[in-house]
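Can you make the complete structure from the sequences, with help from the hints?
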Amino acid sequence: MPTMNMVQALNSAMDVMLAREPDVLLFGEDVGYFGGVFRVTDGLQKKYGHQRVFDTPIAEGGIVALAVGMGAYGLRPVAEIQFADYIYPAYDQLVSEAARIRYRSGAEWWCPITVRAPCGGGIFGGQTHSQSPEALFTHVCGLTTIMPSNPYDAKGLLISAIEDDDPVIFFEPKRLYNGPFDGHPDRPATPWAKHPLSEVPEGHYRVPIGKAAIARPGNAVTVLAYGTMVHVALAAVAETGIDAEVIDLRTLVPVDIEAIAMSVNRTGRCVIVHEATRTSGYGAELSAMVQEECFYKLEAPIERVTGWDTPYPHAFEWQYFPGPGRVGAGLRRVMAE
Amino acid sequence: MPTMNMVQALNSAMDVMLAREPDVLLFGEDVGYFGGVFRVTDGLQKKYGHQRVFDTPIAEGGIVALAVGMGAYGLRPVAEIQFADYIYPAYDQLVSEAARIRYRSGAEWWCPITVRAPCGGGIFGGQTHSQSPEALFTHVCGLTTIMPSNPYDAKGLLISAIEDDDPVIFFEPKRLYNGPFDGHPDRPATPWAKHPLSEVPEGHYRVPIGKAAIARPGNAVTVLAYGTMVHVALAAVAETGIDAEVIDLRTLVPVDIEAIAMSVNRTGRCVIVHEATRTSGYGAELSAMVQEECFYKLEAPIERVTGWDTPYPHAFEWQYFPGPGRVGAGLRRVMAE
Amino acid sequence: MADHPALQLHIPEPKHRPGEAADFSHLRLPRAGSVERPPITTSAYDMRELAYQLIRVLDDDGRAVGPWIPALDAATLRRGLRAMLLTRAYDERMQRMQRQGKTSFYMKCTGEEAVAVAQAFAFDRSDMFFPTYRQQGLLIARDWPILDMMCQVYSNSADRLKGRQLPVMYSSREAGFFSISGNLGTQISQAVGWAMASAYKGDTRIASGWIGDGATAEPDFHYALTLASVYHAPVVLNVVNNQWAISCYQGIAGGDESTFASRGIGYGIPALRVDGNDFLAVHAVTRWAAERARSNLGSTLIELFTYRAGAHSSSDDPSRYRPEGESEKWPLGDPVTRLKQHLIVLGKWSEAQHGELLAAVEAEVREAGRRAEELGTLNHGPLPDVHTMFEDVLKEVPWNLARQRRQLDEERGT
Amino acid sequence: MADHPALQLHIPEPKHRPGEAADFSHLRLPRAGSVERPPITTSAYDMRELAYQLIRVLDDDGRAVGPWIPALDAATLRRGLRAMLLTRAYDERMQRMQRQGKTSFYMKCTGEEAVAVAQAFAFDRSDMFFPTYRQQGLLIARDWPILDMMCQVYSNSADRLKGRQLPVMYSSREAGFFSISGNLGTQISQAVGWAMASAYKGDTRIASGWIGDGATAEPDFHYALTLASVYHAPVVLNVVNNQWAISCYQGIAGGDESTFASRGIGYGIPALRVDGNDFLAVHAVTRWAAERARSNLGSTLIELFTYRAGAHSSSDDPSRYRPEGESEKWPLGDPVTRLKQHLIVLGKWSEAQHGELLAAVEAEVREAGRRAEELGTLNHGPLPDVHTMFEDVLKEVPWNLARQRRQLDEERGT
Ligand SMILES: Cc1ncc(C[n+]2csc(CCOP(=O)(O)OP(=O)(O)O)c2C)c(N)n1
Ligand SMILES: Cc1ncc(C[n+]2csc(CCOP(=O)(O)OP(=O)(O)O)c2C)c(N)n1
Ligand SMILES: [Mg+2]
Ligand SMILES: [Mg+2]
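Chains as they are written, first to last, in our numbering: chain A, 1 to 337; chain B, 1 to 337; chain C, 1 to 414; chain D, 1 to 414.
No wet-lab data here; the hints were simulated from the structure.
Mixed in with the good hints there might be a few duds.
[To be verified] When the alpha-carbon atoms are kept at most 20 angstroms apart in a straight line, the in silico EDC-like pairs for lysine to aspartate or glutamate are as follows: (1) Lys395/C <-> Glu163/A; (2) Lys211/A <-> Glu396/C; (3) Lys395/C <-> Asp164/A; (4) Lys395/D <-> Glu108/B; (5) Lys46/B <-> Asp317/C; (6) Lys297/A <-> Glu292/B; (7) Lys201/D <-> Asp3/C; (8) Lys297/A <-> Glu299/B; (9) Lys201/C <-> Glu21/A; (10) Lys201/C <-> Asp23/A; (11) Lys46/A <-> Glu13/D; (12) Lys46/B <-> Glu20/C; (13) Lys211/A <-> Glu163/A; (14) Lys348/C <-> Asp73/C; (15) Lys297/B <-> Glu293/A; (16) Lys297/A <-> Glu337/B; (17) Lys47/B <-> Glu13/C; (18) Lys297/A <-> Glu293/B; (19) Lys329/D <-> Asp23/D; (20) Lys395/C <-> Asp165/A; (21) Lys395/D <-> Asp164/B; (22) Lys329/C <-> Glu20/C; (23) Lys211/B <-> Glu396/D; (24) Lys47/A <-> Glu13/D; (25) Lys395/D <-> Asp165/B; (26) Lys201/D <-> Asp23/B; (27) Lys395/C <-> Glu108/A; (28) Lys46/B <-> Asp15/B; (29) Lys297/B <-> Glu299/A; (30) Lys46/A <-> Asp317/D; (31) Lys297/B <-> Glu337/A; (32) Lys201/C <-> Glu163/A; (33) Lys201/D <-> Glu21/B; (34) Lys201/C <-> Asp3/D; (35) Lys297/B <-> Glu292/A; (36) Lys46/A <-> Glu20/D.
So this is what it looks like as structure tokens:
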């Protein structure tokens, strides 16, 4: 099986879908000839023609509106928002339109669109190239929100997203594009090639939407994480030596409540990790759900380890980023109770 | 002291501020000559002139952009978004601009703007005139989010908001405009005049941002609510006979964590009520905070009673709205544990 | 700078307010028949003056004049008249029923019937519409049953939208009528996406989108013009300038500074401005644009210059913000009266026939109304099954909604 | 319809791609001096043809010709030349420092220096700017210390923005230069709000906003035009059409269909299109618009036709998407060379003086660079105090941030 990094895996997912399904189109800012600022659509315009893979004006709202209209026609468009930080101009079309069309039309119309957006920090992008706005989508019923943490899942989930008949917001943790970042910027970067989940089938396969993965089984405490934070959590577990179970949520909504509840009911402890700001972040929902599902088994307060409630400050990337040190501190606090 | 309904109290707040402060302007769709579709700015253009109270094009993003620019100049604009459901086109200007300008400019500029928006259901407005999108703002650092539940608070908080040097999102539960709705649509409407908090001073006063109010003291369980749900919670308490303490949050961010923690640590039980959809609603953050602050005192799982995870369906207003029946059921469940 | 005068803030105001006499004498209305009709291959640049004209076909005597006379036979014109009358009668009844409390809300299109009806007639039946809430005439012109529309307005047991949408927010896939959004403007850019999809597939169907004068200030209008221009999308974009946006006159949207049609110029989109109360002119202009789109020549922007004769909606009272009698003074008349007059001038219609037709459409509305009410009204039901509330959020009901559906039943037990 | 051809989707493509020879022969470039100069009281409608012209003052020999010659003395022109040279030298150094790892990111404005510098000179010092990331020349033209700018680029201990912003996202209240946003377009509509505030206060200060060709597709461009039109806001709106938006040529933003200046026409905003590499023309046109705004005549839209000679940013490699040597073939030349040439033709400048000036600005940059690096670089510090990270989210630090600040210290202890 070939080894792929995350960029290649995502590219392969779109390649496979473009080849299988004439109704799949890709578009967005710089995605056509150039192949995307992160090269995720590299080569696809050349292979499938510029009617299927093309550049758009810089109008995120217009990009999503096009996708919605194309979806109503019957296509399966895949739109790229260049950075998740720039998804806000598209917010109305996503929230008021994409998410509502099936419901409001009595299922006469639906919206089989995928909106890809690189998210998260770790590349010194400052406050407008580092955001993790997933919680702004998890609150919106009608949207499916996904964030993969490795090449295998990225490809399988992106294929599932494209094949899904409802709108999917697909966040790609940009810090993971080229390697499984464990939160130690000072250490040499490891390439994906050394990671088992970089073995990615060339052809079509799906990773199911709504199913979490156990990134590391354990008994002492459950860590709920997604995206980059899965790797950071694993590093923190290794560094603290705590026998944590690390769950990679993969899909945030609809979340795999069974996997979460089963684990926390067993471990009795839970640490939730995300990069987004804390207040009203998706961690809040996870925490609320965990205590609703597992109240009588909880032996310690659920901990949230998150980005601070500030914009992502350029110079303080690593003081902002919830790295293994902070996750480890959270783990220790939860174990100490 | 005069008796005011919520519309009059809000109008009075703006009247007072327009009179005191030449840098206060009001604008929005239909707010000028017409006085707003809910009459909240009625008479103010006539009194202060059309340079101070004026109509805008239908462009919520543009309205907020104007406010941001005016704020940079040094004015204190108050912008109305006709329905909270229509705030999404302004989301980018609110999230990426209003909320960030102080931070990103090293406090060289700031954004002393107030954005008013009627929210919530109860008037058969269907899915685009009934939403409660507060959680989409509570996640955004740099924004203060307020929702009053009565005329006295509405006026005092709106004055505080206008005087605040940072951007405030001010949600007005439209179902409360004309009376303290307890969630029983079948019973005769009570006017505000019969409610003690309809006694509103004519002049200037503030209700502080960030301070909750105890709407009803009690010992058995703490109910956290805001806006319309305060009245519904009080009705549910009366109907169940449970000795609940009902906290009216008033400000959602920054929330009055002390008041919440003190109460729940005393009662050991907590029910959170909001009209917005459940998943990732503000109730999730409240639940997470409560369990973080009060874990060892909690005797039962924290309950969330919320709108369903669907759009607000026109015909099923009262099956969707979390009325006293549903809040009562939540209270009973929490008390039964 | 000391040598400069103090700046002043300009706030546009309508010419007249309540208490004053309505007056439209400032309007520049070219004579019927006076505006040229360029070939559909004309470039946007070359025809840019048309954005400032007003294409009119029917003169004051009801005669069709000039280069824009459409090729419509009398039978078609009578069908148009019927659809407009039916639209008006339907509006009247539903507004009345709303007042009687049978539903929560209603929106009429009185005075603007020619816009939707004449435009619908100018498209193929399979072309796709992305309307606003004031183009019910599109459905009626496509012979969509008013009974079905009434069931939507009543959110009743037969409402295909399962009681989820505010009254008048219709949807009909079969009629090529996209689900109406309560959020202004969003449909117009979606129309471009649909049109691009059709072009991508090598289809022959084109799309059309509508937006109000007020809503042109929303981003989607800009997206629509930009995207339609860039990709030469086969879409007809319509601005219905009915002079008002709730209480705001069209100057608040920029209409005092330039025509809405002229917005197209800077995007390189041909723009036409038409008397929206002139059935023939509306049809001709729309047909021109549809032909252009269908011939792979790209998009056209049409401004339909008309007048909102009624209130904005059942929640509105225009006497608070516009002069009394403004509606009667609208210099472009009433679309129904004008088409009727034209047919009479042609010798293809009579007052007597008109009276019969009116009685027929009223009877049709009455009968449909009776049946709709049997199927339910918002105040008295029957409504759709309440459990449908949890369906169609996603294709499959996710676990949280399955739970919430159960909870609803459990708590209704309490 | 069977009798219609299949629709086709049009995707715009630039004339040339890597591997092909660059060629600008399709450009329609009016002769210098050939475009009329209307009085500032002219209506948008009456001057609409100017949106399709290209105002040029400097001819190929460096002589100023025609009605747009600005009243600038040689000393001012030399100041302009100096500011452009300083901007360029500053850009060169900071780009180099970025390559050396001293900061994360950099954006040059090479080839576009006349835009910001000549425009800054056309405004009063107290007028307010809402720029994008490519108008560093505005700050430099206002004599803002490049040392301060460098500290921002390094996010160092002397960075007034406390290390919070990506490099080049300057802010200077003192220089009337609004905090730059990473989100494209948002500033241009804010500029209108500032201008309206100034008008409301009876001030005499006007505002100006900038936006790139690519970003015109964003809603804020539409808001700015709509609002500036409706309220006659005293604001100058500038589209810097440098032909590229990262990898997308200006046709992707609609530039193949009409000029960006012409966008103003439909909003009733006078629009001027100017050779952006012609210091004199840029100054004259901007001055015209500023006078108009300051005389309560409202807004003007200016398209500055220029060319992005460098990469989009330090993260970009244009050889992947545009033909090699395109930059050299740009028919409107280099703004520095052209102004220098003009001064020489005027007899007010010489190669020797130019060499000295160049050496002087380079020394200035070097010296400032040395001092800036002493104050810190992103890679080696010193940076601002990390605790400042929790400040300025709101005016007062709220409880959650106070807690988080404590937590940072506690956990750094671990
Ligand atoms: C995004 C958004 N903002 C505001 C509203 C509230 N609103 C509904 S209709 C309307 C006026 C629209 O006027 P216009 O576009 O001219 O259409 P008309 O009603 O005249 O047909 C407004 C402000 C809305 N529905 N959506
Ligand atoms: C809202 C938003 N969308 C996308 C981006 C990413 N982006 C940064 S610069 C750029 C190109 C802008 O091109 P243009 O407006 O022509 O300005 P130029 O860089 O040529 O000066 C893009 C797409 C962004 N910063 N903000
Ligand atoms: Mg209108
Ligand atoms: Mg550009």
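Each hint, compared with the structure:
A distance of roughly 12 angstroms separates the Cα atoms of lysine 395/C and glutamate 163/A; the hinted pair therefore holds under the 20 angstroms criterion. Pair hint lysine 211/A plus glutamate 396/C holds up; C-alpha atoms about 15 angstroms apart against a cutoff of 20 angstroms. Note on lysine 395/C and aspartate 164/A: the hinted pairing holds, with a Cα-Cα distance of about 9 angstroms set against a maximum of 20 angstroms. For the given pair, lysine 395/D sits about 11 angstroms from glutamate 108/B by alpha-carbon distance, which is consistent with the 20 angstroms threshold.
Restraint check for lysine 46/B and aspartate 317/C: the C-alpha separation of about 19 angstroms stays at or below 20 angstroms, so the hint holds. Restraint check for lysine 297/A and glutamate 292/B: the C-alpha separation of about 16 angstroms stays at or below 20 angstroms, so the hint holds. Proximity of lysine 201/D to aspartate 3/C is assessed by CA-CA distance (about 17 angstroms); at most 20 angstroms being required, the pair is judged to hold. Restraint check: the Cα-Cα separation between lysine 297/A and glutamate 299/B comes to about 13 angstroms, which is no more than 20 angstroms; the hinted pair holds.
Of the pairs offered as hints, the one joining lysine 201/C and glutamate 21/A holds, with about 13 angstroms between alpha carbons and a cut-off of 20 angstroms not exceeded. Of the pairs offered as hints, the one joining lysine 201/C and aspartate 23/A holds, with about 8 angstroms between alpha carbons and a cut-off of 20 angstroms not exceeded. The straight-line distance between the Cα atoms of lysine 46/A and glutamate 13/D is roughly 13 angstroms, inside the 20 angstroms bound, and the hint therefore holds. A C-alpha spacing of about 16 angstroms is found between lysine 46/B and glutamate 20/C, which places the hinted pair at or below 20 angstroms, so the restraint holds.
A distance of roughly 16 angstroms separates the Cα atoms of lysine 211/A and glutamate 163/A; the hinted pair therefore holds under the 20 angstroms criterion. The hinted pair formed by lysine 348/C and aspartate 73/C meets the criterion: a straight-line CA distance of about 10 angstroms does not exceed 20 angstroms. With a C-alpha separation of about 18 angstroms, the suggested pairing of lysine 297/B with glutamate 293/A holds against the 20 angstroms cut-off. For the hint pairing lysine 297/A with glutamate 337/B, the CA-to-CA distance comes to about 14 angstroms; that is within 20 angstroms, so the pair holds.
Taken as a hint, the lysine 47/B and glutamate 13/C pair is honoured in the structure, with Cα atoms around 16 angstroms apart against an allowance of 20 angstroms. The hinted pair formed by lysine 297/A and glutamate 293/B meets the criterion: a straight-line CA distance of about 18 angstroms does not exceed 20 angstroms. Between lysine 329/D and aspartate 23/D the CA atoms are separated by roughly 7 angstroms; this keeps the pair inside 20 angstroms, and the hint holds. Simply put, lysine 395/C and aspartate 165/A have alpha-carbon atoms about 7 angstroms apart, close enough for the 20 angstroms limit, and the pair holds.
Under the criterion of a C-alpha separation no larger than 20 angstroms, the hint pairing lysine 395/D with aspartate 164/B is consistent with the structure, at around 9 angstroms. The hinted pair formed by lysine 329/C and glutamate 20/C meets the criterion: a straight-line CA distance of about 13 angstroms does not exceed 20 angstroms. For the suggested pair lysine 211/B and glutamate 396/D, the alpha carbons sit about 15 angstroms apart, so the restraint of at most 20 angstroms is met. This hinted pair checks out: lysine 47/A and glutamate 13/D have alpha carbons roughly 16 angstroms apart, not beyond 20 angstroms.
Proximity of lysine 395/D to aspartate 165/B is assessed by CA-CA distance (about 7 angstroms); at most 20 angstroms being required, the pair is judged to hold. Restraint check: the Cα-Cα separation between lysine 201/D and aspartate 23/B comes to about 8 angstroms, which is no more than 20 angstroms; the hinted pair holds. Restraint check for lysine 395/C and glutamate 108/A: the C-alpha separation of about 11 angstroms stays at or below 20 angstroms, so the hint holds. Taking the CA atoms of lysine 46/B and aspartate 15/B, the gap is near 11 angstroms; set against the 20 angstroms cutoff, the hint holds.
Taking the CA atoms of lysine 297/B and glutamate 299/A, the gap is near 13 angstroms; set against the 20 angstroms cutoff, the hint holds. A C-alpha spacing of about 19 angstroms is found between lysine 46/A and aspartate 317/D, which places the hinted pair at or below 20 angstroms, so the restraint holds. With a C-alpha separation of about 14 angstroms, the suggested pair lysine 297/B and glutamate 337/A falls inside the 20 angstroms cut-off, and the hint holds. Distance restraint check for lysine 201/C and glutamate 163/A: the Cα-Cα separation of roughly 19 angstroms lies within the 20 angstroms cut-off, and the hinted pair is therefore satisfied.
At roughly 13 angstroms between alpha-carbon atoms, lysine 201/D and glutamate 21/B fall within 20 angstroms of each other, so this suggested pair holds. Annotation: proposed proximity of lysine 201/C to aspartate 3/D holds, straight-line Cα distance about 17 angstroms (limit 20 angstroms). Between lysine 297/B and glutamate 292/A the CA atoms are separated by roughly 16 angstroms; this keeps the pair inside 20 angstroms, and the hint holds. Taken as a hint, the lysine 46/A and glutamate 20/D pair is honoured in the structure, with Cα atoms around 16 angstroms apart against an allowance of 20 angstroms.
Against the hints set out earlier in the document, no violation occurs for any number.
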